[in-house]
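I would like the entire structure built from these sequences, with the hints used as guidance.
From first to last, the protein sequence lines stand for chains A and R. In terms of numbering that gives the first Met the number 0, the first sequence opens at residue 0 and continues consecutively. In terms of numbering that gives the first Met the number 0, the second sequence opens at residue 0 and continues consecutively.
Everything labelled a hint here was simulated from the structure, so no lab data went into it. Possibly wrong hints are sitting among the right ones.
[Claimed, not checked] Mimicking DMTMM-like on lysine to aspartate or glutamate, the simulated pairs with C-alpha atoms at most 25 Å apart in a straight line are: (1) 41/R to 77/A; (2) 164/R to 60/R; (3) 106/R to 1/A; (4) 84/A to 114/A; (5) 159/R to 1/A; (6) 131/R to 93/A; (7) 41/R to 87/A; (8) 104/R to 80/A; (9) 7/R to 93/A; (10) 131/R to 1/A; (11) 131/R to 40/A; (12) 89/A to 40/A; (13) 42/A to 52/A; (14) 131/R to 87/A; (15) 158/R to 1/A; (16) 42/A to 70/A; (17) 89/A to 1/A; (18) 104/R to 1/A; (19) 89/A to 28/R; (20) 41/R to 97/A; (21) 131/R to 52/A; (22) 42/A to 87/A; (23) 131/R to 114/A; (24) 131/R to 83/A; (25) 41/R to 80/A; (26) 89/A to 52/A; (27) 84/A to 28/R; (28) 41/R to 83/A.
[Unchecked claim] For the chain R half of the interface with chain A, some residues (derived, Cβ under 8 Å), not all of them: (29) 105; (30) 130; (31) 134.
[Stated by the list, open to error] The following residues of chain A were derived to be distant from chain R, with all beta-carbon distances above 12 Å: (32) 3; (33) 31; (34) 33; (35) 50; (36) 56; (37) 71; (38) 72; (39) 98; (40) 112.
Just so we're clear, the structure is a prediction, and the values are computed from it rather than from any experiment. Here a beta-carbon is modelled for each residue, glycine too, at the ideal position from N, C-alpha and C.
Spelled out, the chains give:
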Amino acid sequence: MEKRQRIFWISLIILLGICGIWIAVSRLSVREGNYAVVKVDGKIICQLPLAEERVVMIDGKNHIRLKVVVDRGSVFVEHSDCPDKICEQKGRIDKVNENIICLPARTVIEIQGTEVDMVDVVV
Amino acid sequence: MLSYDFSKTKRLTRIALLIASAFILSWIEFMVNIPMVIPGIKLGLANIVILFTLCTCSKSDAFYVLIGRLLLNALLFGNISSLLYSACGGLVSFGVMCFAINFLKLKGAASSILGGISHNIGQLMVACLMMKTSAVWVYLPYLIIGGTLAGMINGMTVKKISALKIFQV
Numbered sequence: 000m001e002k003r004q005r006i007f008w009i010s011l012i013i014l015l016g017i018c019g020i021w022i023a024v025s026r027l028s029v030r031e032g033n034y035a036v037v038k039v040d041g042k043i044i045c046q047l048p049l050a051e052e053r054v055v056m057i058d059g060k061n062h063i064r065l066k067v068v069v070d071r072g073s074v075f076v077e078h079s080d081c082p083d084k085i086c087e088q089k090g091r092i093d094k095v096n097e098n099i100i101c102l103p104a105r106t107v108i109e110i111q112g113t114e115v116d117m118v119d120v121v122v
Numbered sequence: 000m001l002s003y004d005f006s007k008t009k010r011l012t013r014i015a016l017l018i019a020s021a022f023i024l025s026w027i028e029f030m031v032n033i034p035m036v037i038p039g040i041k042l043g044l045a046n047i048v049i050l051f052t053l054c055t056c057s058k059s060d061a062f063y064v065l066i067g068r069l070l071l072n073a074l075l076f077g078n079i080s081s082l083l084y085s086a087c088g089g090l091v092s093f094g095v096m097c098f099a100i101n102f103l104k105l106k107g108a109a110s111s112i113l114g115g116i117s118h119n120i121g122q123l124m125v126a127c128l129m130m131k132t133s134a135v136w137v138y139l140p141y142l143i144i145g146g147t148l149a150g151m152i153n154g155m156t157v158k159k160i161s162a163l164k165i166f167q168v
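Spelled out as structure tokens, the structure:
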């Protein structure tokens, strides 16, 4: 095999190894989250404690509304107006650093261990 | 004697054919929702056509096919924001594949794998800027592995198709 090709395959294997270790580390260091932080366009819209059952309607960008449901200690998107439905397929999340992202609505739902600073809050 | 240079017409037809096939592959991918580990991840079958054009025709042909496919996709399945994502991923992977084939002289699936990985990184960069959050980088290791697998499949497909020599340029 040509030298260049060999360098490529070796570096690819190293890269995949790093990814594997990265995934393993993030899987091993999971913590149960306490808050779901909802951000639209980078701004925190609301923080939902996972312990309280709640249904919230979020107004995302491009006139997309998301129905976010918190129950049984986890959060999920029950309905979204956007055609992709990727956020609905993602299902329930409850671990720290897990997230649900809706690209068209520019909305992110992140799980945090503790409440974050409310400096950026708009509502 | 009447003479006419047919090379331009040939090229036009060739690019139109390739755009049509790239578009059909995108459409198939859009219609058939294969369940994946991460929701929303795709094989990027249209990249087969881009890579094929890059290998058998020329860089400029491949570029026109890419632009044509991006615009058609945005018009029929998407909107401005989806065009931004697909254009960024497509252009980054096109640049990387050109570099890999012409300068690094990589053969086989190698350039396709690099293209797949860079496509995902390009889209993540747009997502990071658009959403104004770094949370998207959590998906990076999954997307690198996914890009490698998809690139491998696409690269091997291109190798098989090129070997058939059904498309003489």
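Hint check:
no., hint, result
1, 41/R to 77/A, "holds, 23 Å"
2, 164/R to 60/R, "holds, 18 Å"
3, 106/R to 1/A, "holds, 10 Å"
4, 84/A to 114/A, "violated, 28 Å"
5, 159/R to 1/A, "holds, 21 Å"
6, 131/R to 93/A, "holds, 22 Å"
7, 41/R to 87/A, "holds, 17 Å"
8, 104/R to 80/A, "violated, 46 Å"
9, 7/R to 93/A, "violated, 59 Å"
10, 131/R to 1/A, "violated, 43 Å"
11, 131/R to 40/A, "holds, 6 Å"
12, 89/A to 40/A, "holds, 20 Å"
13, 42/A to 52/A, "holds, 23 Å"
14, 131/R to 87/A, "holds, 21 Å"
15, 158/R to 1/A, "holds, 18 Å"
16, 42/A to 70/A, "holds, 24 Å"
17, 89/A to 1/A, "violated, 43 Å"
18, 104/R to 1/A, "holds, 10 Å"
19, 89/A to 28/R, "holds, 19 Å"
20, 41/R to 97/A, "holds, 21 Å"
21, 131/R to 52/A, "violated, 28 Å"
22, 42/A to 87/A, "holds, 22 Å"
23, 131/R to 114/A, "holds, 20 Å"
24, 131/R to 83/A, "holds, 21 Å"
25, 41/R to 80/A, "holds, 22 Å"
26, 89/A to 52/A, "holds, 19 Å"
27, 84/A to 28/R, "holds, 16 Å"
28, 41/R to 83/A, "holds, 13 Å"
29, 105, "holds, 6 Å"
30, 130, "holds, 6 Å"
31, 134, "holds, 5 Å"
32, 3, "violated, 6 Å"
33, 31, "holds, 17 Å"
34, 33, "holds, 17 Å"
35, 50, "holds, 22 Å"
36, 56, "holds, 20 Å"
37, 71, "holds, 21 Å"
38, 72, "holds, 21 Å"
39, 98, "violated, 5 Å"
40, 112, "holds, 14 Å"
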